[in-house]
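Asks: One line per chain: the protein sequences are A and B, in this order. Mapping to my numbering: the first sequence position 189 is 189, numbers consecutive. Mapping to my numbering: the second sequence position 70 is 70, numbers consecutive.
Check before you lean on any hint, since a few could be wrong.
As the list claims (entries may be wrong) - DSS-like cross-link-like pairs, simulated, lysine-lysine; straight-line CA separation at most 30 Å: (1) A:K184 with B:K139; (2) A:K164 with B:K251; (3) A:K56 with B:K148; (4) A:K184 with B:K183; (5) B:K183 with B:K139.
These are computed hints drawn from the structure, not numbers from a lab.
In case you want the letters, here they are:
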Amino acid sequence: MTEIRRVIYVPILHAKENSGQPISNSPRNKTKDIKKINANKDISAVDSMWEGISAKIGALNLPWNQTRIYQDGAPVCGNELELAMRLAESGSPNFSFILDLIEKGAKYEGTESMDLLLREYDLLNQLLVNNPSVDRKAANAEYQAKSRELLVLRDQFILNRINKTLKKGEVALVFMGVMHRLDKLLEKDFLVSYVIYRLPFRSVGSIYNA
Amino acid sequence: MVNKFSLLDADPIHFSPIYVNTENVSTEKLLSLYRFASIFFPKMGANFVNTMLDMEKNSERIIANCPPDERRKLIRRTKDLAVDLKFMVSDDGESVIEISIHIIPSEVLERAQQGRADLVQYQKLSDDLDKVIAKLISKEINRRFTSKVTDCFKSLVGIKQTPFFITQLLDMGWINSNGQLQKGASIDDLLTGKYREQFKQLMPEELLQEGMQIRETIETCFAISQYDEESLMQDAKTRHALLAITIREYKGA
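My request is simple: use the sequences and hints to build the entire structure.
Replies: Written out as structure tokens, the structure reads:
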């Protein structure tokens, strides 16, 4: 009998604005103090998102020494752990949380292709170039289109990576940005569950018949 | 204002366009329609959309079963022909779902023959469809949650010692004497806004947890799809900063 392999899928946002007023509605000429307050609010919103994720993952009581972590943006490079420590030091709550899980016994796996991440970095460079003559809306649309194509390749690479590295009896804990569609690919080979409700796009009927 | 959600505003040519007016769709009625359709037209409904998406994705494979000679003949003979199919659901005379399919057979055949399957466009179409379905699902989940909240309110309205908060909601016109939430009353204000504390005292813990979980999920799933440019830029900046460190460390290793 084939053993069903489990994946816990955690959709994440790298940055999340304060849940009150959208950023675009805030006044353009803020004083330094307001900027500081807003920056703190952004930070606290990101932190509280990670607090929520942490509580929900904690409640799953996973067997940590049989859990393998896969992370959006973490390349296969041979020094994955050092890199995670460096990113946690830079203030990323995502990577701080991963270090906590590693301490509990979870294994951390290089997840992405460095070549594809370099391409994503180039796209982000083009998007974020500080040129006043650039039409931001058009630049954003161009980025979305190119990034979408790249995401297809990145998701395929990650799927192969999980298939190759996840050992028998292990659980995969996958942290992926919300734009990824990796979970749809994983559904073919793995039993995918989510720490928050995931709107089951493919089974509207089952919702209606609940 | 009719807010139509167009699924095909870009290039795909196999079929177009699909409109779903999610604002007007009553999920309750949609459920009845879904049940009716699944009894009387088991091959229609969801299967119909799946077939269309399948056609879009696998046209190359489908056309492979047709011998080249026959393909060429078909392309020649169907030139200038167009097929228009219209599927529409209306509620009290107002259109709530429109699937209008415009097919030019010769173009479909040519495209499939040349193997020009456009997976990126297909993905976009599939994502757009997901968004429409997600919107309908979130509407339905909210409706069910609201109905549970109403049941709780109902049990508190009209009892001897009606809690002050309930009287307050009645006075504000947020609920009626049956405990039903009125138009304009915001579940969000009860869950996270200024009435949260009072709401929390009255409602069972599990109900609050469920409400928060739904809210969180919908927020997460829709955070990016809202196309708030500045929040997308903020996310891009954070990813850029993390990737810059990753690349630096990788090169230095």
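Asks: Any hints from earlier that this structure breaks? Give me their numbers in increasing order, please.
Replies: Violated hint: only 4; rest satisfied.
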